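Counting in the working numbering, the final residue of the sequence shown is number 166, and the numbers go up one at a time with none missing.
In short, the hints are calculated from the structure, not lab data.
Check the hints yourself; a few may be wrong.
To be verified - In silico EDC-like pairs for lysine to aspartate or glutamate, Cα to Cα no more than 16 Å straight-line: (1) K19 - D150; (2) K19 - E137; (3) K134 - E144; (4) K134 - E58; (5) K17 - D93; (6) K19 - E166; (7) K134 - D59; (8) K17 - E144; (9) K17 - D33; (10) K17 - D150; (11) K134 - D107.
Claimed, not checked - Per label pair, the in silico range of CB-to-CB distance: (12) M7 - E58: 43 to 53 Å; (13) T143 - G76: 19 to 29 Å; (14) R48 - C6: 45 to 55 Å; (15) Y40 - C6: 50 to 60 Å; (16) E58 - G108: 27 to 37 Å; (17) R113 - N13: 30 to 40 Å; (18) G108 - Q130: 13 to 23 Å; (19) Y46 - N13: 34 to 44 Å; (20) A72 - M7: 36 to 46 Å; (21) P157 - G133: 31 to 41 Å; (22) D59 - P157: 22 to 32 Å.
In this text the structure is predicted, and so the values were computed from the model without any measurement.
Heads up, the beta-carbon is just placed ideally off N, CA and C, and yes, glycines get one too.
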Amino acid sequence: MIIFACMKEFDINIRIKVKQEDELSAMESILLDKARQATYRSYSPYSRFSVGAAVELEDGSIVAGSNQENAAYPSGLCAERTCMFYANSRYPDSPIRRLCIAARNTDGNFTLRPVAPCGACRQALLEAEQRAGKDIEILLYGTECIYCVDSVHALLPLCFDGSFLE
1 MIIFACMKEF DINIRIKVKQ EDELSAMESI LLDKARQATY RSYSPYSRFS
51 VGAAVELEDG SIVAGSNQEN AAYPSGLCAE RTCMFYANSR YPDSPIRRLC
101 IAARNTDGNF TLRPVAPCGA CRQALLEAEQ RAGKDIEILL YGTECIYCVD
151 SVHALLPLCF DGSFLE
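All chains should be built: construct the whole structure from the sequences, respecting the hints.
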């Protein structure tokens, strides 16, 4: 007797709010300014793609970071992880509330479209979100618009986490 399994499928929906800069809250605007400023501290002589990130912590502190490249590419670090790891080491008891990312292209101009974090950054940010037990809001800046995402989990819906290791 042959039993055929019925194929199942499901949809994953991600809610992204699209805002203009003048629609941001005061704190979101400050965070965006810090992320844009951080792009000018990027060390990116190889890609010439300068990324800045800024996080707002629960205690109100803001930490910014930029991408740091190396001729041995895997040895560099993205802006998001640079910023987050510093925030976690400097303020270990204050979870990240919000993250903003901005990038300048090889012409030195801010990107028109919002730039999202790479997979490695999404995974590291997800761990921070899970460790804190609170969603981290994400702002992705582009000169045409800003994407606002409610959580890191929304950027990485079928994620690998520590529960698989148990």
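Against the structure, the hints come out as follows:
1. With a C-alpha separation of about 13 Å, the suggested pair K19 and D150 falls inside the 16 Å cut-off, and the hint holds.
2. Annotation: proposed proximity of K19 to E137 holds, straight-line Cα distance about 14 Å (limit 16 Å).
3. Between the alpha carbons of K134 and E144 the distance comes to roughly 29 Å, so the proposed pair goes past 16 Å and is violated.
4. At roughly 10 Å between alpha-carbon atoms, K134 and E58 fall within 16 Å of each other, so this suggested pair holds.
5. A C-alpha spacing of about 29 Å is found between K17 and D93, which places the hinted pair above 16 Å, so the restraint is violated.
6. Pair hint K19 plus E166 does not hold up; C-alpha atoms about 40 Å apart against a cutoff of 16 Å.
7. At roughly 14 Å between alpha-carbon atoms, K134 and D59 fall within 16 Å of each other, so this suggested pair holds.
8. With a CA separation close to 14 Å, the supplied pair K17 and E144 stays within the 16 Å bound.
9. Taking the CA atoms of K17 and D33, the gap is about 19 Å. The hint is violated against a cut of 16 Å.
10. Note on K17 and D150: the hinted pairing holds, with a Cα-Cα distance of about 9 Å set against a maximum of 16 Å.
11. Our distance criterion of 16 Å between C-alpha atoms is broken by K134 and D107, whose separation comes to about 37 Å.
12. Taking the beta carbon of each, M7 and E58 are about 44 Å apart, inside 43 to 53 Å as hinted.
13. With their beta carbons about 25 Å apart, T143 and G76 fall inside the hinted range of 19 to 29 Å.
14. Between R48 and C6 the CB atoms are about 51 Å apart, so this pair conforms to the stated range of 45 to 55 Å.
15. Checked against the given bound of 50 to 60 Å, the beta carbons of Y40 and C6, roughly 56 Å apart, stay inside it.
16. As the Cβ distance of E58 to G108 is approximately 34 Å, the hint placing it in 27 to 37 Å holds.
17. Range check, R113 to N13: about 21 Å between beta-carbon atoms, so the 30 to 40 Å window is missed.
18. About 37 Å separates the C-beta atoms of G108 and Q130, a value inconsistent with the hinted range of 13 to 23 Å.
19. At about 37 Å, the CB distance of Y46 to N13 agrees with the hint of 34 to 44 Å.
20. Between A72 and M7, the C-beta spacing of about 45 Å keeps the proposed range 36 to 46 Å intact.
21. The beta-carbon spacing between P157 and G133, approximately 18 Å, falls outside the hinted interval of 31 to 41 Å.
22. A hinted range of 22 to 32 Å for the beta carbons of D59 and P157 is consistent with their spacing of about 29 Å.
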